[in-house]
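Peer 1: In order, the protein sequence lines correspond to chains X, C and G. Okay, so the first sequence: first residue is 1 according to my numbering, each after it adds one. Okay, so the second sequence: first residue is 341 according to my numbering, each after it adds one. Okay, so the third sequence: first residue is 681 according to my numbering, each after it adds one.
Worth double-checking, as some hints may not be accurate.
[What the hints assert, rightly or not] Here are the simulated lysine to any residue pairs, SDA-like style, with alpha carbons at most 20 Å apart:
#: 1; chain 1: C; residue 1: K426; chain 2: G; residue 2: E758
#: 2; chain 1: G; residue 1: K1004; chain 2: X; residue 2: K147
#: 3; chain 1: C; residue 1: K426; chain 2: G; residue 2: N970
#: 4; chain 1: X; residue 1: K86; chain 2: C; residue 2: N364
#: 5; chain 1: C; residue 1: K487; chain 2: C; residue 2: D525
#: 6; chain 1: C; residue 1: K664; chain 2: G; residue 2: T1005
#: 7; chain 1: C; residue 1: K664; chain 2: C; residue 2: D367
#: 8; chain 1: C; residue 1: K488; chain 2: C; residue 2: I370
#: 9; chain 1: X; residue 1: K147; chain 2: X; residue 2: R16
#: 10; chain 1: G; residue 1: K878; chain 2: G; residue 2: G839
#: 11; chain 1: X; residue 1: K250; chain 2: X; residue 2: P195
#: 12; chain 1: G; residue 1: K930; chain 2: C; residue 2: G427
Rather than coming from a laboratory, the hints here were simulated on the basis of the structure. This structure is a prediction, so every number in the text was calculated from the model and none was measured.
Below, each chain spelled out in residue letters.
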Amino acid sequence: MNFIGSHILSVSQFKRADIETVFNVADQMIPYANRERVTRVLEGAILGNMFFEPSTRTRVSFGCAWNLLGGEVRETSEVKASSIVKGESFYDTARVLSGYSDAIVMRHQVEGSVDEFATASRVPVINGGDGSNEHPSQALLDLYTIKKEMEGRGKQVDGLRIALIGDLRYGRAVHSLCRLLCLYDDIHFSLVSPPELKLPSIYLDEMKSHGHECLESAQLQSGIAHADILYVTRTQEERFPSKEEADKYKGLFRLNQTIYTENCEPNTVIMHPLPRDSRGDARELDDDLNENPNLAIFRQTDNGVVIRMALFALILNVADQVEKTARDVNWYTAGRFSSQ
Amino acid sequence: MNFIGSHILSVSQFKRADIETVFNVADQMIPYANRERVTRVLEGAILGNMFFEPSTRTRVSFGCAWNLLGGEVRETSEVKASSIVKGESFYDTARVLSGYSDAIVMRHQVEGSVDEFATASRVPVINGGDGSNEHPSQALLDLYTIKKEMEGRGKQVDGLRIALIGDLRYGRAVHSLCRLLCLYDDIHFSLVSPPELKLPSIYLDEMKSHGHECLESAQLQSGIAHADILYVTRTQEERFPSKEEADKYKGLFRLNQTIYTENCEPNTVIMHPLPRDSRGDARELDDDLNENPNLAIFRQTDNGVVIRMALFALILNVADQVEKTARDVNWYTAGRFSSQ
Amino acid sequence: MNFIGSHILSVSQFKRADIETVFNVADQMIPYANRERVTRVLEGAILGNMFFEPSTRTRVSFGCAWNLLGGEVRETSEVKASSIVKGESFYDTARVLSGYSDAIVMRHQVEGSVDEFATASRVPVINGGDGSNEHPSQALLDLYTIKKEMEGRGKQVDGLRIALIGDLRYGRAVHSLCRLLCLYDDIHFSLVSPPELKLPSIYLDEMKSHGHECLESAQLQSGIAHADILYVTRTQEERFPSKEEADKYKGLFRLNQTIYTENCEPNTVIMHPLPRDSRGDARELDDDLNENPNLAIFRQTDNGVVIRMALFALILNVADQVEKTARDVNWYTAGRFSSQ
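Chain X extracted, bound-state conformation:
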């Protein structure tokens, strides 16, 4: 694909070579995200960080990625603040807002809304999540983390053995990750979920058609054995018909250090798209894993910054110029990143 000026709306846009382009640029961004170097390559550029659904993590991550390239961020963080409540169409909102910024990140709870918005926008749009549909930068950061963790263990993504655990039915992050992994070779999927929350067949069929191994199970202990990566998910409460319905599945597949030690191979990586639910009856990933060096969940969010920097740099065509305006960081930063 040609990144320059294009929208990033769906993981379906990416071929394997595109992903490798993103990951190579992301690697170049590490010294900046890690606060060793400062670049001003986007000094004077403005990001419209338009979150029409509450979010702290993703909103701040995108804003931070833009700031790290030297640009400014204008922001909205709730639907009430918008002209949309006065009956404005996505078309109008997009035409107007795209006159204010050089790129836009948009999150909105309506599926397809970001596509509609992008069609009318005069500047590149990145989908920051449209309901249960797409959230491509999350899938990219997950895959980037898998690649990095595998490389740290002398392996690669091809041949990966991954266990996907929990709510595989409503989990947008899981769906997109499955899509991206289809672009790689010889993936072994262990799909662990309650029968009612199984991975939809549209994804399962696609994975099988690419020749990947897919084993479904409702049993955590056997499902996580022989995996390189455990990808644990939260029950997506907000996508269920009712809270009561969602609560039935809360805490069903809780991973803790004992279960990990007894069932997993050494150095099995633990991932989660976050936030994890840490309330007593839910907690799908126990706090006793926090000191486990294989817990990669915060390396995932750190990696989100460099992935988003890479996407911005590619669509605005400044990847080659980042170093030109760079210098060493002059303030205290010791011990900042757990990442890498």
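Starting from the known structure of chain X, fit chains C and G onto it as the hints suggest.
Peer 2: What follows is chains C and G alone, placed relative to chain X:
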């Protein structure tokens, strides 16, 4: 008027020469808003973008204008976030906040609140809308758009034939625009509204006293013939005693491509202060006009950026210095602006 | 204490020498806060300004202080916007957010929350207020103001006579100020409050154990005589069991110009942590004091900016570099600050 250090609170502050000063500086801002050039003239300056009433468009437009001059923005976007709920006076709020920034934009639903605030502020204040009272930058961007569109057609503001359509009673934007047009010569107003939503006589009398022609009508088709500009407005629901009362007038004067073709002269410009209501029963400007090149509504919002840049540059006395710190844009921007 | 890389969580961290370090750096920040000079020392650095409880003043003050050092601000201003509502622990929130910024300011209504957050954070955290517990930068700016005002009158903090007036039971600002004043010599406290809202004995005992004079009284007129500083507080409605309970004490100790003139020594300084309640039945500081040059309440908030700049500069170890990247301000700033 002397712009340096002054508040911008009302369209009544402006004489024709002042408006021309603003428009000349706005013209200089086009390469920056259009992302051909970057300036850092306000690098280190801080805008307090204080919106005590929900707004996305206007808030982001002001913030973007400041960023385009190189400055930083600190922001509030809702009344709940404020000390005002703990009984703080506008005087105190103004004294405190004006210690944090180099200029303030304020929106508040209470009429006269921004005047009261400005009196106590130690830095220049721009009124971003105080209830149904004033919103001077909207009126300036409307007039600037009229001037630009007329010039593109070999005409000028003097001698303008303009049809004002819809809710002329509660529409703040219409009122302020009428005030500004009084400063020009030989304006022909066609005022099209339901009898109950006619332009208040205070404005009508002022227009007539300046020798302008004012024809009132409740008939869309005849009202829009022979106009250079159609200025269509939304029913200002939020100003009506009740939603039911407002709904009576929704969709009364709907302009679409057929009506336009049958009644208007070629190249008649279509304007709207936005947001336009695109819900089925309301839509005062039909979507089928979106491809009409005379639809100037997004050129209006684009023009809002340069008008706000001009106001900031004038009150902070940096208009002459903008180019000194400027350079060419180094990132992808092709196809960004529909404006001009 | 060693400031570099450390959290600022409580006034208890500070010894007298530490406070003097902060105040010396704050003094160096005056030309920047006063818009005579611009520095870019933190250009490229990002502050996570995380306010999980509504606040305009404190949030904007911290953000402004960071901007004045040249850095960028990413922000949250309400708990709803947060993953915390999805059951995320402070540990996780801190791990994630500390990957996005170079320092974090956090406000949260839960006492102790900021400590818990700081323990997990990978970057320095400043407590911006955790419920009724701590808000150290407020105490520091109050003490800095006292020092400045005393110096302007040829006096110093040692030997200070200060009247604390109003809700001394729930007022977080008063408690922290008392703690800090214990580090100085020979302070004379006049504690004026309704019997039910007396200063808690934990503070009183500490003050006495340092040899300071503490006189308690329920009588305003006699309590404010012979004071150098009057420190007036708002009834902390939100800390009371009910609004009715709080209302009983509203307006009990109202200071106005007449009472001031009749009872105070010339040039007695009037302070207040703000916001002051200006509603008719409350107003603890009457508007007729607004022209009194001894009213220092807006000098306090101005001083808050330089104190926060100093804290940032110290924990990020750039205090010595501020001037290196500095230049004169090039925009209009006349008459900006009442401070000094």
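Peer 1: Now, for every hint given, state plainly whether the structure supports it.
Peer 2: Right, here's what the structure says about each hint:
1. For the suggested pair K426 of chain C and E758 of chain G, the alpha carbons sit about 17 Å apart, so the restraint of at most 20 Å is met.
2. This hinted pair does not check out: K1004 of chain G and K147 of chain X have alpha carbons roughly 42 Å apart, beyond 20 Å.
3. At roughly 19 Å between alpha-carbon atoms, K426 of chain C and N970 of chain G fall within 20 Å of each other, so this suggested pair holds.
4. A threshold of 20 Å between alpha carbons decides the hint, and for K86 of chain X with N364 of chain C the separation of about 34 Å lies outside it, so the pair is violated.
5. Taking the CA atoms of K487 of chain C and D525 of chain C, the gap is about 13 Å. The hint holds against a cut of 20 Å.
6. A distance of roughly 19 Å separates the Cα atoms of K664 of chain C and T1005 of chain G; the hinted pair therefore holds under the 20 Å criterion.
7. Distance restraint check for K664 of chain C and D367 of chain C: the Cα-Cα separation of roughly 17 Å lies within the 20 Å cut-off, and the hinted pair is therefore satisfied.
8. Only pairs whose Cα atoms come within 20 Å are accepted, and K488 of chain C paired with I370 of chain C is accepted, the gap being roughly 12 Å.
9. At roughly 13 Å between alpha-carbon atoms, K147 of chain X and R16 of chain X fall within 20 Å of each other, so this suggested pair holds.
10. With a CA separation close to 23 Å, the supplied pair K878 of chain G and G839 of chain G exceeds the 20 Å bound.
11. At roughly 14 Å between alpha-carbon atoms, K250 of chain X and P195 of chain X fall within 20 Å of each other, so this suggested pair holds.
12. Annotation: proposed proximity of K930 of chain G to G427 of chain C holds, straight-line Cα distance about 12 Å (limit 20 Å).
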